[in-house]
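There are 2 protein chains.
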Amino acid sequence: MPYVTSLGLFDEKDITLRGLEAVRSSTRVYLETYTSILAIQKSRLEEFYGKTIIPADREMVETESDEILRNAQTEDVALLVVGDPFGATTHTDILLRARALGVPTRVIHNASITNAVGACGLQLYNFGQTVSLVFFTETWRPDSFYDRLRENADLGMHTLVLLDIKVKEQSEENLARGRKIYEPPRYMSIPQAVAQLAEVEGVRQGGVLAPDRTLAIALSRVGGGPDNERIVGGTLAQLREQPPDVFGEPLHSLVIVGRRLHHLEAEYAAAFAVDATLWKEVAQNVYGCNFD
Amino acid sequence: MPYVTSLGLFDEKDITLRGLEAVRSSTRVYLETYTSILAIQKSRLEEFYGKTIIPADREMVETESDEILRNAQTEDVALLVVGDPFGATTHTDILLRARALGVPTRVIHNASITNAVGACGLQLYNFGQTVSLVFFTETWRPDSFYDRLRENADLGMHTLVLLDIKVKEQSEENLARGRKIYEPPRYMSIPQAVAQLAEVEGVRQGGVLAPDRTLAIALSRVGGGPDNERIVGGTLAQLREQPPDVFGEPLHSLVIVGRRLHHLEAEYAAAFAVDATLWKEVAQNVYGCNFD
Chain A
50 MPYVTSLGLF DEKDITLRGL EAVRSSTRVY LETYTSILAI QKSRLEEFYG KTIIPADREM
110 VETESDEILR NAQTEDVALL VVGDPFGATT HTDILLRARA LGVPTRVIHN ASITNAVGAC
170 GLQLYNFGQT VSLVFFTETW RPDSFYDRLR ENADLGMHTL VLLDIKVKEQ SEENLARGRK
230 IYEPPRYMSI PQAVAQLAEV EGVRQGGVLA PDRTLAIALS RVGGGPDNER IVGGTLAQLR
290 EQPPDVFGEP LHSLVIVGRR LHHLEAEYAA AFAVDATLWK EVAQNVYGCN FD
Chain B
50 MPYVTSLGLF DEKDITLRGL EAVRSSTRVY LETYTSILAI QKSRLEEFYG KTIIPADREM
110 VETESDEILR NAQTEDVALL VVGDPFGATT HTDILLRARA LGVPTRVIHN ASITNAVGAC
170 GLQLYNFGQT VSLVFFTETW RPDSFYDRLR ENADLGMHTL VLLDIKVKEQ SEENLARGRK
230 IYEPPRYMSI PQAVAQLAEV EGVRQGGVLA PDRTLAIALS RVGGGPDNER IVGGTLAQLR
290 EQPPDVFGEP LHSLVIVGRR LHHLEAEYAA AFAVDATLWK EVAQNVYGCN FD
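Line order of the protein sequences matches chains A and B. To convert, note that position 167 of the first sequence is 216 in my numbering; the numbers rise steadily by one, no gaps. To convert, note that position 99 of the second sequence is 148 in my numbering; the numbers rise steadily by one, no gaps.
Honestly, the hints are just simulated from the structure, not real lab data. Please note that a few of the clues may not be correct.
Copies of the same chain look alike in the list, so a pair counts if it fits in one copy or across any two.
As the list claims (entries may be wrong) - DSBU-like cross-link-like pairs, simulated, lysine-lysine; straight-line CA separation at most 30 Å:
1) 62 with 217
2) 62 with 100
3) 62 with 229
4) 217 with 329
5) 62 with 329
6) 91 with 229
7) 91 with 62
8) 215 with 329
9) 215 with 62
10) 329 with 91
11) 229 with 217
12) 229 with 329
13) 329 with 100
Go ahead and model the full structure; you've got the sequences and the hints to work with.
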């Protein structure tokens, strides 16, 4: 049976027992590497599982699904993903392909940032739609996410902003010359994300994001526990000013706090604030939280 | 250290390796039983862990948090929850209490219905805010969820509707007489949920839910794999008419499909439909999906 198995968020111990059984029983184990990453190297997973892992980039998952599914009627095959198995359409594609071949599949769920974001102290039921922020280039600065952000803001909802990662990326020159040379992986930092948001707010002028009046929370390495996880709250201006080592290694996500902010949410999150006094002042004066 | 550890969604094999380590190293293991349940009995977990499990109802988690956290500076203690560790405010309360005592904590994340709902084929980024539907009584028929549902509908977003469960419930008579006699657990069924939605639509008349024109998807025992999980799609009228065994044992959740439905989402979900032809007709004629 083909298994699409989430590894969870952080390291080799975040897999479920059912997921580990699926890996151990599989004749081939693929690791999807283009939508998210673990905090550890593939080699550590291989040692832990006692299995060779085949890296599967987007192109492979999209164009070689029949190879991934080869003999899956009679053998177990595992496609490992970080975060949610349904977070990327290519994972859905492979399930559809299996369905077309008449092969039953099993998805093994696990944590994803979509639910683990609750670690910042904001209630999950106060979140609206999730948006993604991609790296801007000279010629490509897509801002359709701003409409989603505004819809959430109009309702007072919080927004989870997923920050772009680039793995197996070609430079424009290498792409133009057809050279399969790839750049090192890149992960969008919190200050860069905030700078891009500010640029789009400047163009759109929708009043959704104000440097000193919009609260936000940066989450880094969620699920890594006290030694690794970092959660930092502040105004957008404050987060933009932080030196990179405040946030540390990837992956990073950002939450834009909505106007329905409850004072208990604000109090819980104040412990993560760059400056708890300012955090509470903004929560009170701009968001209308009553801390008495 | 106190651990708040999610067990995942279905059975004893859905815990992560890190979660299992936390359970094994803990001197006391509590199981939160009032917001969600696993498909298996506590005794099966106890056997699997080789540990006695202390059931923790809402009252206990709320009023005896110091007992749960006793000696947590020097010993490991685990509070097990089903679904998301931040899904219930009482879990947050215990983390706050530990913070007040100066005890570092660790949350071990896992799957919750908030992300596993992707199994129905709808994209997670097309979901708006999640709502909860409680059992109506003669005197208490709260309908504020309808405002949230309408906000999502106005934006065309899908809505995850969480259905009430009642554990350790007292009858009005036993409550009045102060008798600590509890009713058997109850779980809201899909037809009952749809009936309550119809009643509120009838009162509010907001045009959000139409029996023959609103598509919905019922998810049962998500994460249980091909032998247990059941996903059933249809119009609200169709879901309301289904006999209970179509959905089977708890837990059940319901998704109200929003107007932004993409034709690929509709096609994926059509495989779960009571009547795939009608499903696609409604997706085309009401939701504007183009299947050509």
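Hints, one by one, checked against the model:
Within a single copy, residue 62 and residue 217 get their C-alpha atoms as close as 26 Å, which meets the 30 Å cut-off; across copies the closest is 34 Å, which misses it. Taking the closest pair of Cα atoms, residue 62 and residue 100 come within 30 Å of each other both inside a single copy (16 Å) and across two copies (21 Å). For a Cα distance limit of 30 Å, the shortest separation of residue 62 from residue 229 qualifies neither inside one copy, at 34 Å, nor across copies, at 42 Å. In this homomeric assembly, residue 217 and residue 329 never come within 30 Å of each other (Cα to Cα): the closest approach is 42 Å inside a single copy and 38 Å across copies.
For a Cα distance limit of 30 Å, the shortest separation of residue 62 from residue 329 qualifies neither inside one copy, at 37 Å, nor across copies, at 42 Å. When the C-alpha separation of residue 91 and residue 229 is checked against a cutoff of 30 Å, the pair qualifies only within one copy, where the shortest distance is 21 Å, while the shortest distance between copies is 54 Å. In this homomeric assembly, residue 91 and residue 62 come within 30 Å of each other (Cα to Cα) both inside a single copy, at 13 Å, and across copies, at 24 Å. In this homomeric assembly, residue 215 and residue 329 never come within 30 Å of each other (Cα to Cα): the closest approach is 36 Å inside a single copy and 37 Å across copies.
Within a single copy, residue 215 and residue 62 get their C-alpha atoms as close as 25 Å, which meets the 30 Å cut-off; across copies the closest is 34 Å, which misses it. Proximity of residue 329 to residue 91 under the C-alpha cut-off of 30 Å is found in neither arrangement, the shortest distances being 42 Å within a copy and 42 Å between copies. Taking the closest pair of Cα atoms, residue 229 and residue 217 come within 30 Å of each other only inside a single copy of the chain (9 Å); across copies the shortest separation is 62 Å, beyond that limit. Taking the shortest alpha-carbon separations for residue 229 and residue 329, neither the intra-copy value of 51 Å nor the inter-copy value of 42 Å comes in at or below 30 Å.
With identical chains, the CA atoms of residue 329 and residue 100 are never at most 30 Å apart, being 50 Å at best within one copy and 43 Å at best between copies.
Hint compliance for this structure: hints 3, 4, 5, 8, 10, 12, 13 are broken, all remaining hints hold.
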